[in-house]
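Given the coordinates of chain A, work out where chain B should sit on it, guided by the hints.
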Amino acid sequence: MSAEATRAQERPVTLELAREFGLSEAEYNNALEILGRVPTFTEMGIISVMWSEHCSYKSSKLWLKTLPTTGPQVICGPGENAGVVDIGDGDTVIFKMESHNHPSYIEPYQGAATGVGGILRDVFTMGARPIANMNALRFGDPSHPKTRHLVAGVVSGIGGYGNCVGVPTVGGETNFHPAYNGNILVNAMTVGVAKADRIFYSAAAGIGNPVVYVGSKTGRDGIHGATMASAEFTEDSEEKRPTVQVGDPFTEKLLIEACLELMETDAIVAIQDMGAAGLTSSSVEMAGKGGLGIELALDSLPMREEAMTPYEIMLSESQERMLIILKPGREEVAKAIFDKWELDFAVIGHLTDTGNLVIKMYGETWCDMPIAPVSNAAPEYDRPWEPTPAAAEVPDSVFDGYDAPLGDTLAKLFACPDLASKRWIWEQYDSLVGGDTRFMSGQADAAVVRVPGQTKAVAITTDCTPRYCLADPVEGGKQAVAEAWRNLSAVGALPLAITDNMNFGNPEKPRIMGQFVGAVQGIGAACKALDFPVVSGNVSLYNETNGEAILPTPAIGGVGTLPDAMIAVGIAFQNEGDVILGVGAATNAQGGHIGQSLFLREILGREEGPPPPVDLAVERRNGDFVRGLIREGLVVSSHDVADGGLIVTIAEMALAGGIGAHLTGLDGAHPRALFGEDQGRYVLAVRPDVAAKVQEKAKAAGVPVAVLGETRGASLSDRNGDIVPLTRLKTVNESWLPDYMSAEL
Amino acid sequence: MKAAIVVFPGSNRERDAVAALEAASGTKPHLVWHRDTELPKVDLIVVPGGFSYGDYLRSGAMAAHSPIMREVKARADQGVRVLGVCNGFQIITEAGLLPGALMRNGGLKFVCRVQHLRVENTDSPFTAKYAKGQIVRYPVAHGDGNYWADAETVRRLDGEGQVAFRYVADDSRADPRGNPNHSVSDIAGIFNAKRTVLGLMPHPEDAVEGLHGNTDGKPMFDGLVEALS
Numbered sequence: 001m002s003a004e005a006t007r008a009q010e011r012p013v014t015l016e017l018a019r020e021f022g023l024s025e026a027e028y029n030n031a032l033e034i035l036g037r038v039p040t041f042t043e044m045g046i047i048s049v050m051w052s053e054h055c056s057y058k059s060s061k062l063w064l065k066t067l068p069t070t071g072p073q074v075i076c077g078p079g080e081n082a083g084v085v086d087i088g089d090g091d092t093v094i095f096k097m098e099s100h101n102h103p104s105y106i107e108p109y110q111g112a113a114t115g116v117g118g119i120l121r122d123v124f125t126m127g128a129r130p131i132a133n134m135n136a137l138r139f140g141d142p143s144h145p146k147t148r149h150l151v152a153g154v155v156s157g158i159g160g161y162g163n164c165v166g167v168p169t170v171g172g173e174t175n176f177h178p179a180y181n182g183n184i185l186v187n188a189m190t191v192g193v194a195k196a197d198r199i200f201y202s203a204a205a206g207i208g209n210p211v212v213y214v215g216s217k218t219g220r221d222g223i224h225g226a227t228m229a230s231a232e233f234t235e236d237s238e239e240k241r242p243t244v245q246v247g248d249p250f251t252e253k254l255l256i257e258a259c260l261e262l263m264e265t266d267a268i269v270a271i272q273d274m275g276a277a278g279l280t281s282s283s284v285e286m287a288g289k290g291g292l293g294i295e296l297a298l299d300s301l302p303m304r305e306e307a308m309t310p311y312e313i314m315l316s317e318s319q320e321r322m323l324i325i326l327k328p329g330r331e332e333v334a335k336a337i338f339d340k341w342e343l344d345f346a347v348i349g350h351l352t353d354t355g356n357l358v359i360k361m362y363g364e365t366w367c368d369m370p371i372a373p374v375s376n377a378a379p380e381y382d383r384p385w386e387p388t389p390a391a392a393e394v395p396d397s398v399f400d401g402y403d404a405p406l407g408d409t410l411a412k413l414f415a416c417p418d419l420a421s422k423r424w425i426w427e428q429y430d431s432l433v434g435g436d437t438r439f440m441s442g443q444a445d446a447a448v449v450r451v452p453g454q455t456k457a458v459a460i461t462t463d464c465t466p467r468y469c470l471a472d473p474v475e476g477g478k479q480a481v482a483e484a485w486r487n488l489s490a491v492g493a494l495p496l497a498i499t500d501n502m503n504f505g506n507p508e509k510p511r512i513m514g515q516f517v518g519a520v521q522g523i524g525a526a527c528k529a530l531d532f533p534v535v536s537g538n539v540s541l542y543n544e545t546n547g548e549a550i551l552p553t554p555a556i557g558g559v560g561t562l563p564d565a566m567i568a569v570g571i572a573f574q575n576e577g578d579v580i581l582g583v584g585a586a587t588n589a590q591g592g593h594i595g596q597s598l599f600l601r602e603i604l605g606r607e608e609g610p611p612p613p614v615d616l617a618v619e620r621r622n623g624d625f626v627r628g629l630i631r632e633g634l635v636v637s638s639h640d641v642a643d644g645g646l647i648v649t650i651a652e653m654a655l656a657g658g659i660g661a662h663l664t665g666l667d668g669a670h671p672r673a674l675f676g677e678d679q680g681r682y683v684l685a686v687r688p689d690v691a692a693k694v695q696e697k698a699k700a701a702g703v704p705v706a707v708l709g710e711t712r713g714a715s716l717s718d719r720n721g722d723i724v725p726l727t728r729l730k731t732v733n734e735s736w737l738p739d740y741m742s743a744e745l
Numbered sequence: 001m002k003a004a005i006v007v008f009p010g011s012n013r014e015r016d017a018v019a020a021l022e023a024a025s026g027t028k029p030h031l032v033w034h035r036d037t038e039l040p041k042v043d044l045i046v047v048p049g050g051f052s053y054g055d056y057l058r059s060g061a062m063a064a065h066s067p068i069m070r071e072v073k074a075r076a077d078q079g080v081r082v083l084g085v086c087n088g089f090q091i092i093t094e095a096g097l098l099p100g101a102l103m104r105n106g107g108l109k110f111v112c113r114v115q116h117l118r119v120e121n122t123d124s125p126f127t128a129k130y131a132k133g134q135i136v137r138y139p140v141a142h143g144d145g146n147y148w149a150d151a152e153t154v155r156r157l158d159g160e161g162q163v164a165f166r167y168v169a170d171d172s173r174a175d176p177r178g179n180p181n182h183s184v185s186d187i188a189g190i191f192n193a194k195r196t197v198l199g200l201m202p203h204p205e206d207a208v209e210g211l212h213g214n215t216d217g218k219p220m221f222d223g224l225v226e227a228l229s
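First to last, the sequence lines map onto chains A and B.
For the first sequence, the residue numbers in the working numbering are 1 to 745.
For the second sequence, the residue numbers in the working numbering are 1 to 229.
Hints were generated in silico from the structure; no laboratory data involved.
Errors might be hidden in some of the hints.
Stated by the list, open to error - Residues from chain A that keep clear of chain B, each with C-beta distances beyond 12 angstroms, as calculated:
| # | residue |
| --- | --- |
| 1 | Glu27 |
| 2 | Thr174 |
| 3 | Gly329 |
| 4 | Thr354 |
| 5 | Pro395 |
| 6 | Thr545 |
| 7 | Arg606 |
| 8 | Gly633 |
| 9 | Ala701 |
Unchecked claim - In the SDA-like style, the derived pairs of lysine to any residue whose C-alpha atoms are separated by at most 25 angstroms in a straight line are:
| # | chain 1 | residue 1 | chain 2 | residue 2 |
| --- | --- | --- | --- | --- |
| 10 | B | Lys109 | A | Val732 |
| 11 | A | Lys217 | B | Arg58 |
| 12 | B | Lys109 | A | Tyr740 |
| 13 | B | Lys28 | A | Pro452 |
| 14 | A | Lys422 | B | Val111 |
| 15 | B | Lys218 | A | Asp564 |
| 16 | A | Lys146 | A | Pro417 |
| 17 | A | Lys340 | B | Arg58 |
| 18 | A | Lys730 | B | Asp175 |
| 19 | A | Lys340 | B | Tyr56 |
| 20 | A | Lys335 | B | Thr37 |
| 21 | B | Lys109 | B | Met62 |
Positions of the beta carbon are idealized from the N, C-alpha and C atoms, including for glycine.
For reference, chain B alone in the conformation it holds in the complex:
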């Protein structure tokens, strides 16, 4: 599997993504600078976490209009898999690859903790290595992760199997205590209609080795390598 990671001024989790992808695939991903207008031929594009453009204006809003994002959108239209994590989720949502919006956390504070999630759909290369309903733990670290979409969109996301992950409490139940940012319907991550694009707030790339305390994120990268190699 060949992968590219798009780096914006203010990206800060690209090194975490490099490490996770390299460990899973044995190949170093390409780092693509935001001012570049061309992407190498790759099977996966990752838009990493961070504070692109300092979150000025609105998280992800400025990065979504950078030259490289036109190319990312074109590749996504051709079916190239796109993974947007945290700020990357905000950017690809702002760019129109996914529906809805990410707002300031309901608690109005940045939140960093290990979060329990339920895998809602396994029919994608991102989630194929998980079982439906499986509870996994990924860290979250964000201030603007409050996912919002109107009721009809949420119904459609559910109905079409586009909800990838939901926040759950430590005891695995849906519970407001488990939702770190007040996202609508406890949504932590969503697919596009073809399930070739995944955006999520939690960080699977920071749960891939013993040092991280758990390896629940590893199956995502292993699954991508298996599907795209």
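Just chain A, with the same shape it has in the complex:
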């Protein structure tokens, strides 16, 4: 390869090329103005990815700025690779959730696998040892011809990567809805722990300091991946397969160990992974944050393919790579560690005082442009938006003609895709490696993982109810945060902070932008009221195919802490004869909120009405009360009331423990009361000798608590006899997903 051969591959830089690279005419003209000349081909590529929606957050930034991001527990909020939160004793928890939606639809195994790899790097690049992975998945209608293939590929990709790197995948959530037929969502979250005085940031410092490249070699995979992730899909999306990266979890495992070993020395000034837009993002962001220039000589960069051009190298999204600024003279110390782990290590440049990004290769300069003006000029739009119109209340007449026996209704609900057991999925994930997993999600409302070498634990949950968000983005955004907070409280954890993964359609449509704005408003209100700030996040827009948008899906990853992992309680009933208590009350005069409920959709076949409203003051009062009871050791089992309502919650606790429930407090209850999805509620099982004490405490705290029955037998029953045996619910619940996955295509 030579300069001449490189030039022969380059195309003239014109408005047409800029458009092909995803820029608008105004954005192209802005680039001409900043540089005072026509950019080179390499520069045009770099500017286009820097200004892509994926990297610049140009449609979302204005609104994200309104979210609460601070609190006494927050050490580092949004803007770094991941958020950092204090968990006491000089320890921190570092976490983030990130989407890999577009690539996972095109190539599910690699798309999902590299999604896990990318989020792991965001966390360990800050000095944290990853201790848990979670994921939030949304697939299309099970009857859609692509769904089965996508489920199989995504699950096996997540497992293939997470299992090999040795980080337990401890849970998440999986939903199905036709709105995801053309755009599935794969949101991966990693949680790590680090000492507060050993956290690494990305701002470069020290003119002349060496810029080091470590990890896998660079190939041509993933070029313009960030641009692809910033546009809608059409029928020819399959052609975008070359923009999907290929993951190597073995290299990632070595990279984790090597980076953590290097971090024990004092050699590092700054470090960042090469994620979206690869070397471009990492070098520009590191130099930009430090107010410096950076000069790269790409000839010495480890390459896996021959004859690569500077443009290809700068835009490649090859996986398992990191960029490090070292202190002067520490190259040998660092190289010895990467040699030990058999990873590539190359000094590829140095920091300068010019403020420019300079790229040299084959004896010529291919890029020489000022970083700050280009970064700062990244577009920021106040896109027009329309609020989502309020949905009409669900009339009582929807229940006309509904007279199915309760047992049959429960059996139908437990077999529906959203409530069906996801065992087929989670058994493919190593949830136990590390030996610190107390609960994976499913066993408890949040996963609980002990901090290695200590007694304290981290609780983790991912939550979002997209059907609520579609009906009312503000209430839906609030609910997603409230449910995360509630799930952490339900295991006894003190909620600390969240990461938000905002998945929406095309923001250029005012209706979609309105969903985004509404969700941000709801999230902000809930975060503020619950002292539950946003410390990291990711936005994925343009989740549309042929103009069909996904349900608005602001997935919330919540993290909390417990002083002792063994304090945590799960959902399973443990003993016969425990008293079942309902904490919290229905929020409307009709005795239960049925709008947008699973019952309405699955049993009555209607998706309508407003979602259940969230009263944040009640939410906080009830959650603080439940957490207090758990911390005092008064609670045996605990589960929040969510999809399916009160009766489904009780049945899930019974199924998990293999012990039934005799219900005395729900006689003759209206379906609204049984299946309404009113917020801020929990079901607890307590030993009979403390039930009175718990009720007294509730009274003192002003929390409504009702005795619903007691744990007993092997079925759900009431005064009239058996409602349904657990074996029936278990069979339908456990068989839906494996039957679906093994059915003929």
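Below, chain B alone, put in the same frame as chain A:
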């Protein structure tokens, strides 16, 4: 009891093994890097789980040819106890310390779950603290745990008391539902002829304390400490 844990690039359950051994013996085991050619003087060598060399080529195949494995084999020949768990079972089998082979799970999927096992032979320091026929629960977490040996080898393993553990269903009966990977004759773990080497797919090291939900793996480590101290 002094123990060494061999760490390969891609090992990922060495920390679990360290914790289980340290809890049982009160002594931190030595971690030995795969490129080392010498082992410290120890009573027990553990080859832990993980994905050594990314499972490239074939699970355990590359690790079996690393320099340290020559030393592990030499020590095993001298009677030093060797425990290979999961990927460690694959590695010591590939290295020829145990007969047979481990293939892709019959269901073609990775499987992680708590598994019921029956203890088949208690005449070893690994299993002395269990009762013959006792049902224990250890987690499994593997994609290539389908143990295979020819019929004659399986007969010999049975006849010589070399089958250590068998998979059983939740109700403790031999049943295809209980076998997570389609291993021949439901075999979960085997000894060498002298019962000084044990390889098994399930993870006793992840069932040793209350946090794990059960402590059925603890007697294995307690038994080793008692026999080798």
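Please confirm whether Glu27/A is truly not at the interface, meaning its C-beta sits more than 12 angstroms away from all C-beta atoms of chain B.
-> holds (42 angstroms)
Are the Cα atoms of Lys109/B and Met62/B separated by 25 angstroms or less?
-> holds (22 angstroms)
Non-interface label on Arg606/A, tested against every C-beta of chain B at 12 angstroms | Check passes; 37 angstroms lies beyond 12 angstroms.
CA of Lys28/B to CA of Pro452/A, is that 25 angstroms or under?
-> holds (16 angstroms)
Regarding the assertion that Thr174/A does not contact chain B, is the least Cβ-Cβ distance greater than 12 angstroms?
-> The claim holds: Thr174/A sits with its nearest Cβ about 16 angstroms from chain B, beyond 12 angstroms.
For the pair we were handed, Lys335/A and Thr37/B, check the Cα-Cα distance against 25 angstroms.
-> holds (23 angstroms)
Compare the distance between the alpha carbons of Lys340/A and Tyr56/B with 25 angstroms, and conclude whether the hinted pair is satisfied.
-> holds (19 angstroms)
When you check the alpha-carbon spacing of Lys422/A and Val111/B, does it fall within 25 angstroms?
-> holds (13 angstroms)
Taking only the CA atoms, is the gap from Lys146/A to Pro417/A under or equal to 25 angstroms?
-> At roughly 16 angstroms apart (the allowed maximum being 25 angstroms), Pro417/A and Lys146/A satisfy the hint.
Whether Gly329/A stays farther than 12 angstroms from all C-beta atoms of chain B, as the label says | holds (27 angstroms)
Mind verifying the non-interface call on Thr354/A? Its CB should be farther than 12 angstroms from each CB in chain B.
-> Thr354/A clear of chain B: closest Cβ-Cβ about 40 angstroms, beyond 12 angstroms.
Thr545/A: least C-beta distance to chain B exceeds 12 angstroms?
-> For Thr545/A, whose nearest Cβ neighbour in chain B is about 29 angstroms away, the distance exceeds 12 angstroms, so it holds.
When each numbered hint is compared with the structure, no violation occurs for any of them.
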